[in-house]
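Sequences and hints are given; from them, build the entire structure.
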Amino acid sequence: GLRWPMILGTFGTAAGACIKIASAGRDLFWIYCIGQTVVAVAQVFMLSIPPVIAAVWFGEKEVATACAIGVIGNQFGIICSFLITPLMVHDHPNVEEIGNDLLNVFYIVGGYNVAVFILTLLFFQNRPPLPPSPQQAMQKKYAAENKAGYMNLMKRLLLNKSYVLLVVAYCISVGVLSAGSTLLNQILVQYEYEHAEELGGNLGTVSTAAGIVGSLIFGLILDRTHSYRSLTVSLYVLMLVTMVAITYSLPTKSQIALYLTYGFNG
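Here this note's numbering is used: the first residue of the sequence shown is 1, the next is one more, and so on.
Heads up, some of the hints might be wrong.
Stated by the list, open to error - No farther apart than 16 Å at their CA atoms in a straight line, the calculated lysine to aspartate or glutamate pairs in the EDC-like style are these:
(1) Lys-253 x Glu-197
(2) Lys-253 x Glu-192
(3) Lys-253 x Glu-198
(4) Lys-61 x Glu-198
(5) Lys-155 x Glu-192
What the hints assert, rightly or not - Here are the simulated distance ranges between beta carbons:
(6) Ser-230 x Ala-257: 24 to 32 Å
(7) Gln-36 x Asn-160: 32 to 40 Å
(8) Leu-165 x Leu-83: 32 to 40 Å
(9) Ser-48 x Tyr-112: 20 to 28 Å
(10) Trp-30 x Leu-153: 36 to 44 Å
(11) Ala-210 x Gln-186: 34 to 42 Å
Think of the hints as simulated: they come from the structure by calculation, not from any bench.
All residues carry an ideal CB built from backbone N, CA and C; glycine is no exception.
What follows is the structure, encoded as structure tokens:
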């Protein structure tokens, strides 16, 4: 069911966020790493939730759109981090003042995640009272058999060449995008861009906002065409092209080129 993974995911995220509150002082980066590790483990539950919620709670013609909307929640959080963090954390001459700015951010993030955990614990349901599609009705009817065949299903998936290739491709794409977002400020500083911190936040916002629009558009396209393979291949080719474009745009120091390439990449 969905309830316990959601509870575990939101609890782990809240716990990790609260641990990071204790890491704002000097020489306490190791505490931050512990908190971030707890959050990362919790993300194993959270990142896989949108497609499952879409499948369990929505009809056959609504699944892709519902999944896209679910993914947008994660992207919206990333946008908030790109926008709000540079506004709250400033490059003070005094390191202690930077620590105070970080502490304020940690308090806000921690409080928000604790509230989400409490709401999930109180209100989140395992599944809708009535199945939204014939497929869900059949799964509910044969729930016991589905549980018994879970390991067989996992074995079949791991032996499926197409599935393994899709997993590898997805992991590589997510890893590249995550690394690019994490190191964006350092990359801009290395190329000596003016106001690199603000530019990094703006580029991250543009990229993620474009990703939200793209998720909605391609979700609607998939609901109507079901062209999963051709669309997936096309998106990965476009991602490769935009990453090459970003690489060659950085030395030019053209902010317009960066905004365009990061937007298309998102």
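(request) State the violated hints by number, sorted upward, taking the hints as numbered earlier in the document. (result) Going through the list in order, the structure violates hints 4, 5, 11 and respects the others.
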